[in-house]
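Student: Letter by letter, the chains look like this.
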Amino acid sequence: MNIIVCIKQVPDTTEVKIDPVKGTLIRNGVPSIINPDDMNALEEALRIKDNHGAKVTVITMGPPQAENALREALAMGADEAVLITDRAFAGADTLATSRVLAAAVKKFEYDIVFAGRQAIDGDTAQVGPEMAEHLGIPQITYVQKVEVENDGLKVEKALEKGYMVMKTDTPVLLTAIKELNEPRYMSANLIFEAFNKEIQIWDAGKLSLSSDLLGLKGSPTQVRKSVTKELKGKGEVIDMSPKESAEYAVNKLKEKLIV
Amino acid sequence: MDFGLTREQEMIKKMVREFAQNEVKPLAAEIDETEEFPWENVKKMARYGLMGIPFPTKYGGAGGDYLSYILAVEELSKVCATTGVILSAHTSLCCGCIYENGNEDQKMKYLVPLNKGELVGAFALTEPNAGTDASGQQTVAVKDGDEYILNGSKIFITNGATADVFIVFAMTDRSKGVRGITAFIVEKGTKGFSVGKVEEKLGIRASSTAELIFEDCRIPEENLLGAEGKGFGIAMKTLDGGRIGIAAQALGIAEGALEESARYMKERKQFGKPIARNQGMQWMIADMDTKVEAARGLVYKAVWMKANGYRYSMDAARAKLYAAEVAMEITTKAIQIFGGYGYTKEYPVERMFRDAKITEIYEGTSQVQKMVIAAGVLS
Amino acid sequence: MNVNEYSGVMVFAEHNDGLLEKVSLELVGKGREIAKKLDVKLSAVVLGYNSENIADELATYDVDEVIYANSEELKDYRTEPFTQVLCDIINEKKPEVFFVGATYMGRDLAPRIAARLETGLTADCTALDIDEKRNLLMTRPAFGGNLMATIICENNRPQMSTVRPGVFSKAEKKDSETPVTVIEPALKSEDMKTKVIEIVKCAKECVDISEAKVIVACGRGIGCKENIGKAKELADVLGGTLGASRAVVDNKWIDKEFQVGQTGKTVKPNLYVACGISGAIQHMAGMQDSDYIIAINKDKSAPIMKMADLAIVGDLNKVLPEMVKQIKELG
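Those protein sequences? They're chains A, B and C, same order as listed.
Under the working numbering, the first sequence has 44 at position 44, and the numbering climbs by one with no breaks.
Under the working numbering, the second sequence has 597 at position 338, and the numbering climbs by one with no breaks.
Under the working numbering, the third sequence has 825 at position 187, and the numbering climbs by one with no breaks.
To be clear, the hints were calculated from the coordinates, so they are not data collected in a lab.
Note that the coordinates shown come from a computational prediction; the quantities given were computed from them, not determined experimentally.
Check before you lean on any hint, since a few could be wrong.
Unchecked claim - Result set (DSBU-like, lysine-lysine): computed pairs, CA atoms no more than 30 Å apart in a straight line:
{"hint": "1", "chain 1": "C", "residue 1": "K956", "chain 2": "A", "residue 2": "K178"}
{"hint": "2", "chain 1": "B", "residue 1": "K528", "chain 2": "B", "residue 2": "K604"}
{"hint": "3", "chain 1": "C", "residue 1": "K956", "chain 2": "A", "residue 2": "K161"}
{"hint": "4", "chain 1": "C", "residue 1": "K956", "chain 2": "C", "residue 2": "K870"}
With the hints as extra help, turn the sequences into a complete structure.
Tutor: Below, the structure is given as structure tokens:
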């Protein structure tokens, strides 16, 4: 079986703070990580490899430093890695991004394309399904369980209240949520092999995509403006004994007719 | 002179740190209380290839470098000194000993499963009457046909009650004194070999520290390690390497205590402000940080010397001597910074304080390290 | 595509278990506002099997047309049949704006439609408006919730947005009858590569905290699973429900249904009490529009203390029981 896992290197947004004076985001020194949902996708691919045999290829579209994320994926057990990088991709919205990734996936033989549900920086959850459309394959999102069967996959898709059990042919695109599994750590022996492996580097030329489908030009959506969220008007801060604090709070609730 | 880490070393450090935070730290206080050997985590460490980091893949190791292994001991020790020494004793004292002195058969039979973490290793030199004076070995090994018969006892053996493979030192020819000591590989469960008392200790409490008893214990001659009479040299050389592991453990303990102290100082408020704003506190933390960095310098230098094939006995001695001293000082100061809270079990610094002391004692007391250093300076 | 050929606002109306989803009515409400500004018609689309009652109910709200597509292949949600039918309808009716609720279904469906139509989609919009050039202005949180980005889709149609439940207010009912157009799309079951084997509902009573008027939420500072009981007591006397930060859910101290935040639920209750929550931006993104926010935390400088209406510096283990006691005393 051949599995392609799409990962994204993202800033660890749980570590991002706001500059209290300028009101802007402090991005310096924020560590880069593999997007958490993508880790679940990669882990599931590796489990399928462990249990049923599979070749796991990890791909990412990003700037040159995204190579580190690929090395980490290799150190977890992925077999091969491809970095898709080109200045022409800059400014891409989800549609343009999904076109590039789909074009890359098309160069492989594959049974499953695995992606994370959403990235913690963009938070759109759009790239996976849009890729599936470009590839013309079915998609199942919010995947919380995967079972490999003789004639396809049995997949549990999470719903707001409960889940749906589905059967699908391959090839198929799946997007993973954190409930799917507990990702493994990198292994020491794989870490020492990871930097010996060759990571293929593909640019726009390799993907044969017309330039007006790429980057800003190829993006139907654009950012008109971006504003740091205004913090709510200052509230009251009280530092009293528990009894007094409770009294103050309950009085406020009375005022607001909540009690 | 390059003070940077390679990409592999950065990655190992990152991996072990995450492992330490998620798997080891949550159990550290509990196992200190129950003295229960952290089997689950040792098994996980084996699964992730951490039990044989610096050995070639041909022998089941991870194929890594020596510094990567030391970084792993350091990162683990920051959150749990017990886990740090389990790894260090296993890797440096047992695996390392067989790697340097074993023949191919012994390496295939023992080193491979040890490096994979399928078996846990231990090193048995110390006896009731042979501590710092290790030459006074009273355990004897008498050749009988194609076997050796071992009689005697060992004490304070790290991983003693939990290990599967032991490097045991015994006297094969008393007339030759130090040159009459021989090293053997003994398997757990061998008839005549039993584990005696398991010590209850001040610190590293979940590390198994045990007495080993040999009563007409017969082992095959294939298990002789090195050659007859070469045992003492093997022991001293192996301890040189082990010393660096302990120095890394001490360094890790000190770093862990320093991190906890810095965090606490920023949170704890007295007189309307965090105590971190007090200059006295700031000076204290500055001294602590500088000493930790000095210790780190000595530890990594010793690593560099060993990894690059230089004689490193003095560097290892300096590193252990100083790092242990620093661990003692930093952990004592850490409790001071935490004040009353630091004295309670609610916070980890009292455990770190108790854990630190052993680093001045085992694998050569601080006094032994000074003997080694003085001998080197005055030669 | 020729932008000028597109006119009108269309809403995808999701329904489950025989009930229209709340978010669909919120989108109809907002849809009407946008349609008024553009001076165009507002339509709503329902997909299902023998679900005429849903279409009929939708028709009692302030919408100009309801389209109901009926097929056995549309009985349960699957990406392919839903995408096909909606794309056909969009290509025929050519709305300039298309709204979908940002539910599990919507987030699966909307991007597939957007990619098939090669148009722009903006997810999780919190504000929608029209500019001088009749472009839809779609505002959404980015970077974990602290940047508000306004997105436009100038040259592609329809302009698509998904919106989370609870962001906008429900549509008004109206007196007049809306025409319901029923279509029977031809869908071949062999074309559908996925099959639904079964649908399993939550075993226990499923909580939907996004409907609650009062939420008492716990963060890592609650200390342990047992202390959550103190928060529950306060929630109970106030007639509300519990909530939680991601840390508490990840520790398995509470079910994920209670998680508030970017990867949890967005809530806008009348009262949100944050206990031992530091205020990571991912969490605040999920509750910042609550009417009144009380935060209880030992740390005065925790981010949530700055955005709360009332920040109580103290030990929640002591403050919570006091509040419960005093509220009970009010009788």
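Student: Hint by hint, say whether it matches the structure.
Tutor: Quick rundown of the hints versus the structure:
At roughly 34 Å between alpha-carbon atoms, C:K956 and A:K178 are farther apart than 30 Å, so this suggested pair is violated. Taking the CA atoms of B:K528 and B:K604, the gap is near 21 Å; set against the 30 Å cutoff, the hint holds. A C-alpha spacing of about 35 Å is found between C:K956 and A:K161, which places the hinted pair above 30 Å, so the restraint is violated. Between C:K956 and C:K870 the alpha-carbon distance is near 14 Å, which keeps this suggested pair within the 30 Å criterion.
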